[in-house]
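Enquirer: Could you build all of it, start to finish, from the sequences and the hints given here?
Sequence lines, in order, name chains A and B.
Residue numbering for the first sequence follows my numbering, beginning at 1 and increasing consecutively.
Residue numbering for the second sequence follows my numbering, beginning at 1 and increasing consecutively.
Watch out, some of these pointers could steer you wrong.
Which chain B residues face chain A? A few, computed with CB under 7 Å, are given here [to be verified]: (1) Gly-9; (2) Pro-10; (3) Lys-42; (4) Gly-43; (5) Leu-46; (6) Ser-98; (7) Phe-100; (8) Asp-102.
To be clear, the hints were calculated from the coordinates, so they are not data collected in a lab.
Positions of the beta carbon are idealized from the N, C-alpha and C atoms, including for glycine.
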Amino acid sequence: DVKVTQSSRYLVKRTGEKVFLECVQDMDHENMFWYRQDPGLGLRLIYFSYDVKMKEKGDIPEGYSVSREKKERFSLILESASTNQTSMYLCASNIQGASTDTQYFGPGTRLTVL
Amino acid sequence: QKEVEQDPGPLSVPEGAIVSLNCTYSNSAFQYFMWYRQYSRKGPELLMYTYSSGNKEDGRFTAQVDKSSKYISLFIRDSQPSDSATYLCAFNTNAGKSTFGDGTTLTVKP
Chain A
1 DVKVTQSSRY LVKRTGEKVF LECVQDMDHE NMFWYRQDPG LGLRLIYFSY DVKMKEKGDI
61 PEGYSVSREK KERFSLILES ASTNQTSMYL CASNIQGAST DTQYFGPGTR LTVL
Chain B
1 QKEVEQDPGP LSVPEGAIVS LNCTYSNSAF QYFMWYRQYS RKGPELLMYT YSSGNKEDGR
61 FTAQVDKSSK YISLFIRDSQ PSDSATYLCA FNTNAGKSTF GDGTTLTVKP
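Expert: Printed below as a string of structure tokens:
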């Protein structure tokens, strides 16, 4: 079974702090994704990566950066956390070129910025 | 205009009811059509996928795609309390990224 793990289930941070969210997948997937999920707004893509050290902006990259130094690990960084970044953050991965392009999701990190 | 519109819900039905969940889309490049189920405090997990118009059945679940009308549906027969979750439609082009609906929250009451 594919496993995608996220470093924390719940995080509480203060405005202005630098925040790191870590995601690890164990199935050698090329693609990895970071989403945020908010009521009424659904899942919105922040960044994705299709290879080590490669990244592309998603729909809402402002205020975020990412790092992919190893194939299995994809980090989301909030350079200076703000209250409007309070959200559920979901990491996902999939195989590049797979016929279904199914994404496998982690359990999510619920981030609260005070 | 959003690429994907999903019936907002929430839906509350009695156990045993037939449930219909619906999404419309506008992007003709979407090739793969998926439904994810998300239980409370968990990440979404794939429930069904298809890439052609018509019906696909898996147990109590049927996914229906009408490409000409740009409309997809998920039907749940004999709904159970364990089906209570948020259901997300999702669409892929060949580029590997997914576009998700906002989700419909379903509650099945015993």
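Enquirer: Failing hints, ascending?
Expert: The structure breaks hints 1 and 2; every other hint is satisfied.
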